[in-house]
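Chains H and S are the protein sequences, given in the same order.
With the first letter of the first sequence counted as 1, position 108 gets the number 108 in full-length UniProt numbering; the numbers rise by one all the way through.
With the first letter of the second sequence counted as 1, position 88 gets the number 88 in full-length UniProt numbering; the numbers rise by one all the way through.
Worth flagging that the hints you see were computed from the coordinates, not collected in a lab.
Errors might be hidden in some of the hints.
Among chain H residues calculated to face chain S with C-beta under 10 Å, some are [unchecked claim]:
id : residue
1  : Phe184
2  : Tyr191
3  : Arg207
4  : Gly257
5  : Ala265
Subject to a maximum C-alpha distance of 27 Å in a straight line, what follows is the list of computed DSS-like cross-link-like pairs (lysine-lysine) [unchecked claim]:
id : chain 1 : residue 1 : chain 2 : residue 2
6  : S       : Lys66     : H       : Lys275
7  : H       : Lys97     : H       : Lys74
8  : H       : Lys216    : S       : Lys66
9  : S       : Lys101    : S       : Lys170
10 : S       : Lys41     : S       : Lys114
11 : H       : Lys142    : S       : Lys114
12 : S       : Lys114    : S       : Lys97
13 : H       : Lys216    : H       : Lys275
14 : H       : Lys137    : S       : Lys114
15 : H       : Lys146    : S       : Lys41
16 : H       : Lys137    : S       : Lys41
17 : H       : Lys68     : H       : Lys163
18 : S       : Lys41     : H       : Lys142
None of the values given here were measured: they were computed from a predicted structure.
Don't be surprised by glycine CBs; every beta carbon is placed ideally from N, CA and C.
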Amino acid sequence: MAESKNIRNQRLRLIGAGLALAGGVALLTSAPPADAQSAPAAKSAADGIAEYRKMLEDGNPAELFELKGESLWKEARGPKKASLEGCDLGQGKGVVKGVFVTLPRYFADTNRVQDLESRLLTCMETLQGFNAAEIAKTDFGKGEQKTLEALVAWISAESRGMKMNLPNAHPEEQRMYELGKRAFFYRGGPYDFACATCHGAEGQRIRLQDLPDLRKNPGDGIGFAAWPAYRVSAGQLWGMQRRLNDCFRQQRFPYPGFGSDVTIALSSYMGLNAKGAESIAPAIKR
Amino acid sequence: MRFLIATLPAALLLAACATGPSPAELDAQAAAMMQASFSDKGIATVARLQQDPANEACSQADASGKPLPAAQAKAIEEANFKTIQWPKDGKFLGDWKEGEKIAQSGRGNTWSDKAGSANGGNCYNCHQISKAELSFGTIGPSLYQYGKLRGVADPADPASKAIVEYTWGKLWNAKAYNACSAMPRAGHAGILDEQQIKHVMALLLDPKSPVNQ
Numbered sequence: 001m002a003e004s005k006n007i008r009n010q011r012l013r014l015i016g017a018g019l020a021l022a023g024g025v026a027l028l029t030s031a032p033p034a035d036a037q038s039a040p041a042a043k044s045a046a047d048g049i050a051e052y053r054k055m056l057e058d059g060n061p062a063e064l065f066e067l068k069g070e071s072l073w074k075e076a077r078g079p080k081k082a083s084l085e086g087c088d089l090g091q092g093k094g095v096v097k098g099v100f101v102t103l104p105r106y107f108a109d110t111n112r113v114q115d116l117e118s119r120l121l122t123c124m125e126t127l128q129g130f131n132a133a134e135i136a137k138t139d140f141g142k143g144e145q146k147t148l149e150a151l152v153a154w155i156s157a158e159s160r161g162m163k164m165n166l167p168n169a170h171p172e173e174q175r176m177y178e179l180g181k182r183a184f185f186y187r188g189g190p191y192d193f194a195c196a197t198c199h200g201a202e203g204q205r206i207r208l209q210d211l212p213d214l215r216k217n218p219g220d221g222i223g224f225a226a227w228p229a230y231r232v233s234a235g236q237l238w239g240m241q242r243r244l245n246d247c248f249r250q251q252r253f254p255y256p257g258f259g260s261d262v263t264i265a266l267s268s269y270m271g272l273n274a275k276g277a278e279s280i281a282p283a284i285k286r
Numbered sequence: 001m002r003f004l005i006a007t008l009p010a011a012l013l014l015a016a017c018a019t020g021p022s023p024a025e026l027d028a029q030a031a032a033m034m035q036a037s038f039s040d041k042g043i044a045t046v047a048r049l050q051q052d053p054a055n056e057a058c059s060q061a062d063a064s065g066k067p068l069p070a071a072q073a074k075a076i077e078e079a080n081f082k083t084i085q086w087p088k089d090g091k092f093l094g095d096w097k098e099g100e101k102i103a104q105s106g107r108g109n110t111w112s113d114k115a116g117s118a119n120g121g122n123c124y125n126c127h128q129i130s131k132a133e134l135s136f137g138t139i140g141p142s143l144y145q146y147g148k149l150r151g152v153a154d155p156a157d158p159a160s161k162a163i164v165e166y167t168w169g170k171l172w173n174a175k176a177y178n179a180c181s182a183m184p185r186a187g188h189a190g191i192l193d194e195q196q197i198k199h200v201m202a203l204l205l206d207p208k209s210p211v212n213q
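Based on the sequences and whatever the hints tell you, model everything.
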């Protein structure tokens, strides 16, 4: 009994460390240390979150999405009753292993730089006959957006442990990086926030939440190399499109279109900056 | 299909110019991209993306990595200083207990917030304030013992006037003192009303506030 209470307290403390944005300090301050070893005063929020992730990683619920994604890739679906196995994610038709750490990149057939999610929309439209614009407008987690969640979970997992390595030789890739940089520093909205307000310096945090410096490579499994991720608090698998959507919401900006240029340009900027970082996607988040 | 065709004109432009777009062309393309990529949702309309001269100049300075020229920074600060509205009844301080509630709240102004709901100050997101609150951010400087460290023993004393007025001005429009400040312009942007700012003033300057213990 005493032991289970200790585990619970430790869990609460760790969750508290991660709940900074939600004002989770009450948990943090009210839960006493589980034992003498567990609460060194100098432990940072990042350590706490890393520990929490470690405790859960044997059972990352993202695995359920990965399994679903793999079968959805192979299943004949849509008006054309076709699978996605003919989809080219940048390394040739049907190649999934290793593609995630090279996205966004330029695609000649669409003549645009695409991230994983916008590229999947193209394949769902051209191969399976779905309406990409309709899916892009669907709410997150509903309808074919559920399909996208599962696909990004599986496809990113097929590059787990690999290092981010986006190409940037094509002029369009270079242009999108430059546009992404400008979007990253774009101040606006009622609070005058830019992405850079929170993610444009080293060692900053909001409440207790450490913020990666996305002007450069923040390290393995951090920032761009940590999404998609399963969010425990929401019980949802979030791709980068949804991650960016929530950043913009908290920035007090209007609603970014799914697969819109600003989201892809920002991913080009963050992805190229993260070159060499090891991807842990799909990660697990508080 | 707007999101599929949005890049086409830029791609054509690129084909005509082997060296790629100039920085000025990229600035224009980025501005067009921002306008085309967002839509209105709830209270958050696309009009919010419109930049005032301060945000436009500071964004470009940040993206280029070159700080704003001193004269331009001074002009932005002077223009923003003129927007400060001083308390109509001449009273600068409200109730620090209310101020603490406002400082704790990070609510307001997102597309998922309702129109007319009270905004929070978001203060603890970026600042240490009272010693009791351990969950604070570090984007802004610590404000613990803000008044005490500045020698404010009695906010009504004429000796405190300069600090009291500066604090009010900073809360109303932070860009009046630092052109590219990361701090929201709480009064100027209508995030907090005059009474709420008085309460936050009391949190920072009232000698009885836990901030100054």
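Consistency of the hints with the structure:
The restraint placing Phe184/H at the interface with chain S holds, with a minimum CB-CB distance near 8 Å, inside the 10 Å limit. The criterion of a C-beta within 10 Å of any C-beta in chain S is met by Tyr191/H, whose closest approach is roughly 4 Å, and the hint holds. The interface hint given for Arg207/H holds, since its Cβ lies 5 Å from the closest Cβ of chain S, which is under the 10 Å cut-off. With a cut of 10 Å, the hint placing Gly257/H at the interface with chain S holds, because the nearest CB-to-CB distance is about 5 Å.
Interface hint at Ala265/H: satisfied, since its Cβ lies 7 Å from the closest Cβ of chain S, which is below the 10 Å cut-off. In summary, the hint linking Lys66/S to Lys275/H is supported, as the alpha carbons are separated by about 24 Å, within the 27 Å threshold. Straight-line distance between C-alpha atoms of Lys97/H and Lys74/H comes to about 15 Å, which keeps the hinted pair within the 27 Å bound. Note on Lys216/H and Lys66/S: the hinted pairing holds, with a Cα-Cα distance of about 17 Å set against a maximum of 27 Å.
A hinted pair counts as satisfied when its Cα atoms are at most 27 Å apart, and Lys101/S with Lys170/S qualifies at roughly 19 Å. A distance of roughly 11 Å separates the Cα atoms of Lys41/S and Lys114/S; the hinted pair therefore holds under the 27 Å criterion. Taking the CA atoms of Lys142/H and Lys114/S, the gap is near 23 Å; set against the 27 Å cutoff, the hint holds. In summary, the hint linking Lys114/S to Lys97/S is supported, as the alpha carbons are separated by about 25 Å, within the 27 Å threshold.
Restraint check for Lys216/H and Lys275/H: satisfied, since their Cα atoms lie roughly 9 Å apart, inside the 27 Å limit. Note on Lys137/H and Lys114/S: the hinted pairing holds, with a Cα-Cα distance of about 22 Å set against a maximum of 27 Å. Simply put, Lys146/H and Lys41/S have alpha-carbon atoms about 22 Å apart, close enough for the 27 Å limit, and the pair holds. Of the pairs offered as hints, the one joining Lys137/H and Lys41/S holds, with about 13 Å between alpha carbons and a cut-off of 27 Å not exceeded.
Proximity of Lys68/H to Lys163/H is assessed by CA-CA distance (about 25 Å); at most 27 Å being required, the pair is judged to hold. Restraint check for Lys41/S and Lys142/H: the C-alpha separation of about 18 Å stays at or below 27 Å, so the hint holds.
Every hint, counting from the list given before, is met by this structure.
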